[in-house]
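**Student:** Sequence:
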Amino acid sequence: MVTTTPSQPPRWLQRWLSRRIPAGAQQHLSHRSIFILPSGFGLLWLLLALLLFLFGTNYQNNLVIGLSLLLGSMFVSVILYSYRNLAGLSLQALPATEVYAGETVAVPLKLSAMNQLYQVQFGYPVGQRVTASTISAQPQTIALPLPTVQRGWLQPGRLLIESRFPLGLCRVWSWVDLDNPLLVYPAQQPAQPQLQGASDDGINANMRQPGIDEFSGLKSWHLGESLKQVAWKQYAQGRGMLSKEFADPQGQPVWLQLPAHLDAMQLEEALRQLCWQVDTLTRQQRLWGLKLPQKVIAPAAGDQHRRSALTALALYQPPPELCDE
Numbered sequence: 001m002v003t004t005t006p007s008q009p010p011r012w013l014q015r016w017l018s019r020r021i022p023a024g025a026q027q028h029l030s031h032r033s034i035f036i037l038p039s040g041f042g043l044l045w046l047l048l049a050l051l052l053f054l055f056g057t058n059y060q061n062n063l064v065i066g067l068s069l070l071l072g073s074m075f076v077s078v079i080l081y082s083y084r085n086l087a088g089l090s091l092q093a094l095p096a097t098e099v100y101a102g103e104t105v106a107v108p109l110k111l112s113a114m115n116q117l118y119q120v121q122f123g124y125p126v127g128q129r130v131t132a133s134t135i136s137a138q139p140q141t142i143a144l145p146l147p148t149v150q151r152g153w154l155q156p157g158r159l160l161i162e163s164r165f166p167l168g169l170c171r172v173w174s175w176v177d178l179d180n181p182l183l184v185y186p187a188q189q190p191a192q193p194q195l196q197g198a199s200d201d202g203i204n205a206n207m208r209q210p211g212i213d214e215f216s217g218l219k220s221w222h223l224g225e226s227l228k229q230v231a232w233k234q235y236a237q238g239r240g241m242l243s244k245e246f247a248d249p250q251g252q253p254v255w256l257q258l259p260a261h262l263d264a265m266q267l268e269e270a271l272r273q274l275c276w277q278v279d280t281l282t283r284q285q286r287l288w289g290l291k292l293p294q295k296v297i298a299p300a301a302g303d304q305h306r307r308s309a310l311t312a313l314a315l316y317q318p319p320p321e322l323c324d325e
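Take the sequence shown: its position 69, counted from the start at 1, is 69 in the UniProt record's numbering, and no numbers get skipped.
Hints are computed from structural coordinates only; laboratory data are not their basis. Given the structure is predicted, the values throughout are model-derived calculations rather than measurements. C-beta atoms are modelled at their ideal positions from N, C-alpha and C, and glycine is treated no differently. Check before you lean on any hint, since a few could be wrong.
Here are the simulated distance ranges between beta carbons [unchecked claim]:
no., residue 1, residue 2, range
1, Thr141, Leu51, 43 to 49 Å
2, Gln26, Ala264, 36 to 42 Å
3, Pro9, Ile79, 33 to 39 Å
4, Leu315, Gln189, 17 to 23 Å
5, Leu51, Thr134, 32 to 38 Å
Whole structure, please, built from the sequences with the hints as guidance.
**Tutor:** Have a look at this one:
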């Protein structure tokens, strides 16, 4: 269930919360981190109990006085049950999926509790609330939608945890910081890759990957390898059991490069285009490298190489001498 966006706590409250509830990847709610106040409905309930008590004492009506005391005792009981509905809740931040600027990322949280909890809401200041109907000792995972605007590190802020169970007479809540910054890649903008041959920089273009096309050499034979790969000619010459190795040519590596002398708007556009080109070359299984003014990523292939390049693009800051005045 998704509801409205929670509001950001004021700065003075954030400073106080930082001392009382320090940031951490795991949080466990207790009396130190749980706050309770009457809700609007709870204040009306108390007002009604007070009016009934005054009416009963004024007219010496024991039945009305008893009803007012019953309402008051119910309110006190609800305070205890409201606190119990958050006490013992454990939260753990989990790694989020990849996200590009402008997309909404689902922030996963792992929840568990010593006792059964009911109707607990979770939400970040810039996201939407998600309600967990029940939370038990069996760990469960929920995903909180969080919009992204720009590349770089995104600090979600303090997480609001709130419940009005039972009866809605009290609002019990907590603000916790799970210390889970998210890396946002630049938004993708399709563009024709401006590739530079790796041989221009003296890089060896004859790079190969394991395969079956071309013979590349011999290695020691290990138990379990196919006998079809044994170099029988060398075995007959008394050189022992050797295994043939084959390789596939990967082609000449290319470079992606960030243009020089860009203003702020042109820089962000160039980063978006490079982000799209990185994903395109990765899907094509090409060998490529990335040149930035302060960082060079050597030619390679694969998803790990892709993530390294996207991280460099997401965190790129132009040197002072290249900034547009």
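**Student:** Taking the hints in turn, state whether each one holds.
**Tutor:** Hints and how they fare:
At about 47 Å, the CB distance of Thr141 to Leu51 agrees with the hint of 43 to 49 Å. About 39 Å separates the C-beta atoms of Gln26 and Ala264, a value consistent with the hinted range of 36 to 42 Å. Hint check: Pro9 to Ile79, Cβ distance near 23 Å, so the stated range 33 to 39 Å is violated. At about 18 Å, the beta-carbon gap between Leu315 and Gln189 stays in the expected band of 17 to 23 Å.
Taking 32 to 38 Å as the suggested C-beta distance range, the pair Leu51 and Thr134 conforms, at roughly 37 Å.
Hint compliance for this structure: hint 3 is the single one not met.
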